[in-house]
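Following the hints, complete the assembly by docking chain B onto the known chain U.
Protein sequence lines, in the order shown, are assigned to chains U and B.
For the first sequence, this note's numbering assigns the number 1422 to the last residue and increments by one with no breaks.
For the second sequence, this note's numbering assigns the number 1422 to the last residue and increments by one with no breaks.
Please note: incorrect hints may appear among the correct ones.
Same chains, same label: a pair holds when it works inside one copy or across any pair of copies.
Each computed EDC-like pair below joins lysine to aspartate or glutamate, with the alpha-carbon atoms no more than 20 Å apart [as the list claims (entries may be wrong)]: (1) Lys988 / Glu1069; (2) Lys1382 / Asp1229; (3) Lys1207 / Glu1329; (4) Lys1205 / Glu1194; (5) Lys988 / Glu1296; (6) Lys1110 / Asp1229; (7) Lys1207 / Glu1111; (8) Lys1207 / Asp1170; (9) Lys1159 / Glu1296; (10) Lys1207 / Glu1135; (11) Lys988 / Asp1290; (12) Lys1422 / Glu1324; (13) Lys975 / Glu1065; (14) Lys1159 / Glu1120.
For the record, the hints were derived by calculation from the structure and aren't laboratory data.
These numbers were taken from a predicted model, which means no experiment stands behind them.
Protein chains: 2
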Amino acid sequence: MASSLISRQFALSLKKNLHLSAPGCKAAPKTQVEFDYDGPSMKTSVPGPRSEELTKQLGHIQNVGAINFFCNYEESRGNYLVDVDGNRMLDIYTQISSIPIGYNHPDLLKLMSNPNNLSTLVNRPALGILPPENFPEKLTESLVSVAPSGMTRVQTMSCGSCSNENAYKAMFIWYRNKERGHNAPSEEDLTSCIINQSPGCPELSILSFMGGFHGRTMGCLATTHSKAIHKLDVPSFDWPIAPFPRLQYPLEEFTRENAQEEVEDLIVKWRQKGKPVAGVVIEPIQAEGGDNHASSDFFRGLRDIARKHGCAFHVDEVQTGGGTTGKMWAHEHWGMEDPADIVSFSKKLLTGGYYHKDEFQADEPYRIFNTWMGDPSKNLILSEVLNVIRRENLLEEVTRSGKALMNGLFELQAQYPGMLSRARGVGTFCAIDICDDETRKRILITARDKGILLGGCGDRSIRFRPALVFKEYHVHLFLNIFNDILAQLK
Amino acid sequence: MASSLISRQFALSLKKNLHLSAPGCKAAPKTQVEFDYDGPSMKTSVPGPRSEELTKQLGHIQNVGAINFFCNYEESRGNYLVDVDGNRMLDIYTQISSIPIGYNHPDLLKLMSNPNNLSTLVNRPALGILPPENFPEKLTESLVSVAPSGMTRVQTMSCGSCSNENAYKAMFIWYRNKERGHNAPSEEDLTSCIINQSPGCPELSILSFMGGFHGRTMGCLATTHSKAIHKLDVPSFDWPIAPFPRLQYPLEEFTRENAQEEVEDLIVKWRQKGKPVAGVVIEPIQAEGGDNHASSDFFRGLRDIARKHGCAFHVDEVQTGGGTTGKMWAHEHWGMEDPADIVSFSKKLLTGGYYHKDEFQADEPYRIFNTWMGDPSKNLILSEVLNVIRRENLLEEVTRSGKALMNGLFELQAQYPGMLSRARGVGTFCAIDICDDETRKRILITARDKGILLGGCGDRSIRFRPALVFKEYHVHLFLNIFNDILAQLK
Chain U
933 MASSLISRQF ALSLKKNLHL SAPGCKAAPK TQVEFDYDGP SMKTSVPGPR SEELTKQLGH
993 IQNVGAINFF CNYEESRGNY LVDVDGNRML DIYTQISSIP IGYNHPDLLK LMSNPNNLST
1053 LVNRPALGIL PPENFPEKLT ESLVSVAPSG MTRVQTMSCG SCSNENAYKA MFIWYRNKER
1113 GHNAPSEEDL TSCIINQSPG CPELSILSFM GGFHGRTMGC LATTHSKAIH KLDVPSFDWP
1173 IAPFPRLQYP LEEFTRENAQ EEVEDLIVKW RQKGKPVAGV VIEPIQAEGG DNHASSDFFR
1233 GLRDIARKHG CAFHVDEVQT GGGTTGKMWA HEHWGMEDPA DIVSFSKKLL TGGYYHKDEF
1293 QADEPYRIFN TWMGDPSKNL ILSEVLNVIR RENLLEEVTR SGKALMNGLF ELQAQYPGML
1353 SRARGVGTFC AIDICDDETR KRILITARDK GILLGGCGDR SIRFRPALVF KEYHVHLFLN
1413 IFNDILAQLK
Chain B
933 MASSLISRQF ALSLKKNLHL SAPGCKAAPK TQVEFDYDGP SMKTSVPGPR SEELTKQLGH
993 IQNVGAINFF CNYEESRGNY LVDVDGNRML DIYTQISSIP IGYNHPDLLK LMSNPNNLST
1053 LVNRPALGIL PPENFPEKLT ESLVSVAPSG MTRVQTMSCG SCSNENAYKA MFIWYRNKER
1113 GHNAPSEEDL TSCIINQSPG CPELSILSFM GGFHGRTMGC LATTHSKAIH KLDVPSFDWP
1173 IAPFPRLQYP LEEFTRENAQ EEVEDLIVKW RQKGKPVAGV VIEPIQAEGG DNHASSDFFR
1233 GLRDIARKHG CAFHVDEVQT GGGTTGKMWA HEHWGMEDPA DIVSFSKKLL TGGYYHKDEF
1293 QADEPYRIFN TWMGDPSKNL ILSEVLNVIR RENLLEEVTR SGKALMNGLF ELQAQYPGML
1353 SRARGVGTFC AIDICDDETR KRILITARDK GILLGGCGDR SIRFRPALVF KEYHVHLFLN
1413 IFNDILAQLK
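The shape of chain U in the complex, shown without the other chains (with noise of 0.2 Å):
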């Protein structure tokens, strides 16, 4: 019934852009369709039997150890995620963070059967040399309307170490062309650079976090510090890492001036070791490390320390970004006019890339280049999200969720002092810490089996990373559950 449902919906779309796709004629103004199912429904354990056979099949083709189960993605909507056995999940994972609005959003099915986009979905341009005549538009309408404060430029990139690596090639050819007076390269640097040797290839530095994530490729990987098994058997750079602030819940702060002293401590020893710093990384929360938070006055104190060391300043907000603490950047709750010099994104923005200040726009084409830069049909749904988003008041929505989120954790972590602590959040960017490891995988198994999809993240946390769709009514639904399952575990 519900796939007869589905149907409907997909049916009534391409009724509507059968009209739409009559020349000239405007879309019809949209409506708030409730689009989600009333609660978990669960048949199997998870996974079941249809989950276990195809992870079998997937099996002879890739590793599937990190396979939770598969996904019918045709009767998912909303909030929920139905698995192949018939299992309905309210999801407050959503993919690794990277659902803004939920499955199969009425207006985005909308979007996609509109014969008028077709094209944009079968031939994909190499964006950097032959963009569609549509390009600049859809960048001003999507990422353009939403940049961080004082950044008017945006490029785009497949994923988010791509986002990251590219970032970071930025910072390196802005200090560099610093250094050189902006003058052009010399005759040795451009010898020299073919065969990965100094000046052309210079042995300059980014200064990253302990406990910090900021992607896979070797160069992010090298800024990477939040667990070992991302890290072994890659060589990496000898790059600086210094202490992220470790709080104390309730908030207390006495961590941030050491913390802010030991970055430049590091900034003048690695210049002093001929490995300057050009840029600093740090994402505004810490994410995959274990949802770790810093003040404001540690980003603001962090982004000066920069600025007087002549470092760029990126702020990776990946996972942050999209609306998920309440604002569209989570740098912004710092209250700064100039937070950053580079601010990139992923995930919930469905396509990557990095908004950057004037300054750091590579001074040659080719420089910052590969053969896609990004895809226009990702951009194309982005626009769509960021009106939904706007349409539907969703970062009003995050903001009254994640109170209640908040208040409902307060509530279970005075109720089971010996298993809950350290509940913290902004926004529906929340997280809790568990007694200990063990403890935790049976509060995410058991969830599951009640249909409470959960992730973790650091060494004993969960974090909640629901859609911006996720009502104060699904945080009751899940804080019912949730305290069933502790309440059995205790």
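For chain B alone, coordinates are given in the frame of chain U:
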């Protein structure tokens, strides 16, 4: 009128799909539709006024130094790219060799307007943990169905650079596991890697070739040696770089043995340096570096050297793969049963990724991992592209067109010995050298204004990269216009 044609095409696909969407109804047998223009048609010089206007607009958001012109992808079809000023060009560059079966192929329009595929377009999963039900099936009928000899396993990624970065990681992990005797990593391994230090982050290297191109992220860039502008100012690794054979045309192979000896010497030298070579990476034809070919004997010898020294052998088919040489993979021309340990791809395959032998699968989950791990919507298009290649016998067409193209280039080279030399190619993957870069620029610009879109590579080559639907009559159409251009510039 072109647009009305397109609209009719859309309407047709849609009507068909209203049937297709009926439950249980199978797709009607596809018919091979000819869907192409009859020749170039130029209204303005390129870029025309509308392109200039849009370039100015985009200039407020991005570096536009590499923009050729803006395209009307709705109006483009088959081998013809239409720009926003109504110019229609025969496209022999195909978005840097990334368009497999031309623009707006009717079977792809039909596929993407099928409502049953909507969910794949609006719900992008985290493939590594929550794949869709049809994922094993789609992989099997697409990538696995064209797997290189000896390889049954494939990992999808979002772009070419991510594919090579992860292929390198797979080789490093494989190499270190051998060194550990496949025992668990030591405590020292796990603690040292978090801070980028050995033994956890070992001093291993990848051997690459002068003139090679493998991408622009920091790991890939350390193996790229085609042009200084790609590498300038980006820190790199001290990895060995071997000379690539520089063949004379018509083909002699006297350089072969030396090149192979140097590779062996470098492997020994870097082992002595304490930076052992975990893998050797090479393109079957160096594309970006200037369409440099090497003999099958050279590659066979190289593969043996890698095996002898315990190094992985990675063949990068990002540009050569997908049928453009008349075989699905260029390395098939070597006639080897065990051509490689890893084969990476992107571009014409529409998704990035790499095939690998079983032993190159990471021993643990989350070692080769990221949020998206590719994109099912690209696998969907790819499997239809492969159906079209089979249905329309496009590999045979490529072989036929390639012969005609090479014969034509040989004739022109004989006719204009002062301007053209070193005509070379396999299938339609062809190139010719121009006397100097200045003349090359003039040829490329004049050709574009006459409705022929070509690309350069290396320091003075023109590379031919038509789609697989580039037929013999397209070759002759091109040769006639090219002949006029050369006569005019002579």
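**Report entry** Those earlier numbered hints the structure runs against, lowest number first
**Finding:** Going through the list in order, the structure violates hints 2, 3, 6 and 12 and respects the others.
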